[in-house]
Amino acid sequence: MKALRKLLDRAKPNFRPGGKFSALESVFDGFETFLFTPNTTSARTGAVHIHDSIDSKRTMIIVVLALMPCFLFGIYNTGYQHWLACGEATRPFWPMVLYGLLAILPRVALTYIVGLGIEFIVAQIRREEIQEGFLVTGILIPMICPIETPLWMLCVATAFSVIFVKEVFGGTGYNIFNVALVARAVLFFSYPAQMSGDKAFVATGTALGYGPVAPDGFTCATPLGQIATGDGTQLALTGVDGQALSWWDAFVGLIPGSFGETSVICIIIGAIILIGCGIASWKIILSGVAGGLVMGFIAHACQTPLYPASMLTAFDQLLYGGFAFAIVFMATDPVTAARTETGKWIYGFLVGVIAVLIRTYNNGYPEGAMLAVLLMNAFAPLIDWCVVNANIRRRRARFTAK
Amino acid sequence: MTMAEKTSNKTVLFNPFSKNNPVIVQILGICSELAVTAKLEPAIVMGMSVIAVLAFSNVIISLIRNTIPNSIRIIVQLVVVAGLVIIVSELLKAYAYEVSLQLSVFIGLIITNCILMGRLEAFAMANKPWPSFLDGIGNGIGYTIILVIVAFFRELLGSGTLMGYQVVPQSFYDAGYVNNGLMILPPMALVVVACIIWVHRSINKDLQED
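Residue numbers (this note's numbering), protein chains in the order written: chain A, 1 to 402; chain B, 1001 to 1210.
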């Protein structure tokens, strides 16, 4: 540690204004604050009364930590689904984990390289500090995409999303929409054949040359995909090996789906970490689940073969697809969610309702959670405005009544 | 003709190409930019139609500008534009039927194009026929330039073709390249127009707003 500190201190003057590499000052600053806690705090004589070392870097790291259970489970599940797809009789643990790791690592690495590259360049152009918002986005993007998404598509979507959703609005903290979700939406609408259907969600080839290869023409859709394309007479959800899936499989997460979204158990662990550290709003999560349950109950009460997803019970709606992941990790994004406390209840509830509404009544979009969160991102400022103004009116009425 | 008039005619014609472009500076006619730019060919035909309608309606309105009662001038302008649009529409149906099918309702909707009403109100009502004609041509070309740029990128990235001819080689597709379906959808036209505005404002710093 000391050697590292010394190295940084020796390099520092080169990056200060007038130094050899002064153009790269923000890059140096980014690495220095990434490695060491900044040794400056706000002045004690000023108006700041609360001294806390929480900053956006710490917040981001906790979110990444909260994502880790889902990430690790995703690694295992990728290998597990692949072994099932290959029809192997034995399913050894470590090879499956190694396969999943090799399958996801290039994706994570590439998203970080593309996203952070753009962030670094923009920071140099603007002569600002590097924003750390991409720490979370970079791991979220591969986690919410199908494992078979081609790498170049991930790069295109990441670049588009970082430039047009974040940087043009002013960088981290100024974006209107959730950057990771927009990347997924761009992928979904740009390359629907590669991003949905029955070929995207289970890895079939080798991972960097490792692991068995699935038979040619192998296909398996996600449970929601199967429902949307079903004839609607009965629900028969099957896993990769043709065995029926129960709600327990969906709860544990051993089902085909986007990399990190399948396991509800791991998502709940993540939610506990986020709520415990005060990062995510429990109001949004709770009201989102309530909204999903209400809409799921209504849809199930008037189920019709026309919309097969209405045959899922309200409880199933929470377990399948990206609903849980979106509610815990996407809807609670403090930048794009509603900020007033009452607004959080309304915002979360509507995300839940709309997610189930879209996935039930639009068979073309089996994954409604993504669109629901993006839609509500757009409405969050309006919700806040209404809440604030209602409060002003109430207080004014109380004031004039006296 | 004096020198002053000559130069002013020149600005009237060329200013709308860039410095006073109706689409990327005045932000008019965006709706048709979204609608007809998925392919290059309909975009070019649409641009030609707008140039023709804009130029001749400018001339006609300019000719009768002193006789139009002020209170019903918008109605008169609309009648003139509508008449011209119908002529253009019939001509397209007769000589370029396929394209007219692609453009469908949008030729008819030239009537509601904000650029037309804007030029008639702002220029033709107060100027002589010849400058009005040049103004119509200039603004029409300014509109068409943006239309063609947007359509170029949308067709190239969305369909891999230009004017209907395959430009992205087959070897790309074999290597795993896929056309971007989002480019075909209208929202991307907005993003492309935004990018053009971005580049244009970066070059012309005097146009940047605070």
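Please keep in mind that the hints were generated in silico from the structure rather than gathered at the bench.
Don't take each hint at face value.
[What the hints assert, rightly or not] So the derived list for chain A, only partly shown, Cβ under 7 Å to chain B, looks like this:
#, residue
1, P150
2, F189
3, T206
4, Y210
[As the list claims (entries may be wrong)] A short list of chain A residues far from chain B (calculated; beta carbon distances all over 12 Å):
#, residue
5, W152
6, L187
7, M195
[Stated by the list, open to error] Label pairs and their in silico Cβ distance ranges:
#, chain 1, residue 1, chain 2, residue 2, range
8, B, L1109, A, R16, 46 to 54 Å
9, A, P212, B, I1203, 49 to 57 Å
10, B, G1118, A, F36, 52 to 60 Å
11, B, I1203, A, G18, 26 to 34 Å
12, A, R339, B, K1128, 56 to 64 Å
13, B, E1121, A, E148, 54 to 62 Å
14, A, G117, B, I1087, 49 to 57 Å
15, A, G209, B, F1017, 33 to 41 Å
16, A, R126, B, L1190, 21 to 29 Å
17, A, Y365, B, L1101, 44 to 52 Å
18, A, Y365, B, K1093, 50 to 58 Å
19, B, M1048, A, R126, 41 to 49 Å
20, A, Y365, B, K1128, 55 to 63 Å
Nothing here was measured: the structure is a model prediction, and the numbers come from that model.
Backbone N, C-alpha and C define an ideal beta-carbon position, used for all residues, glycine too.
Holds or violated: is the Cβ of W152(A) farther than 12 Å from all Cβ atoms of chain B?
-> 7 Å, violated
CB of R126(A) to CB of L1190(B), is that within 21 to 29 Å?
-> 24 Å, holds
Status of the hint placing T206(A) at chain B (closest C-beta pair under 7 Å) = With a closest approach of 16 Å, the T206(A) hint is violated.
Satisfaction of the hinted span 46 to 54 Å by the C-beta atoms belonging to L1109(B) and R16(A) = 59 Å, violated
Assessment of proposed distance window 26 to 34 Å (beta carbons of I1203(B), G18(A)) = 31 Å, holds
Starting from the range 49 to 57 Å, see whether the pair G117(A) and I1087(B) falls in it by beta-carbon distance.
-> 54 Å, holds
Holds or violated: is there a CB of chain B closer than 7 Å to the CB of F189(A)?
-> 5 Å, holds
Okay, G209(A) versus F1017(B) on CB: inside 33 to 41 Å?
-> Roughly 55 Å apart at Cβ, these two residues miss the hinted range, so it is violated.
Between Y365(A) and K1128(B), is the Cβ distance one that fits in 55 to 63 Å?
-> 57 Å, holds
L187(A) clear of chain B by more than 12 Å, beta carbon to beta carbon?
-> 9 Å, violated
Mind checking the hinted window 54 to 62 Å against the Cβ distance between E1121(B) and E148(A)?
-> 56 Å, holds
Does 52 to 60 Å hold as the CB distance between G1118(B) and F36(A), or does it fail?
-> With Cβ atoms ~59 Å apart, the hint holds.
In the structure shown, a violation is registered for the earlier hints numbered 3, 4, 5, 6, 7, 8, 15, 17 and 18, in ascending order.
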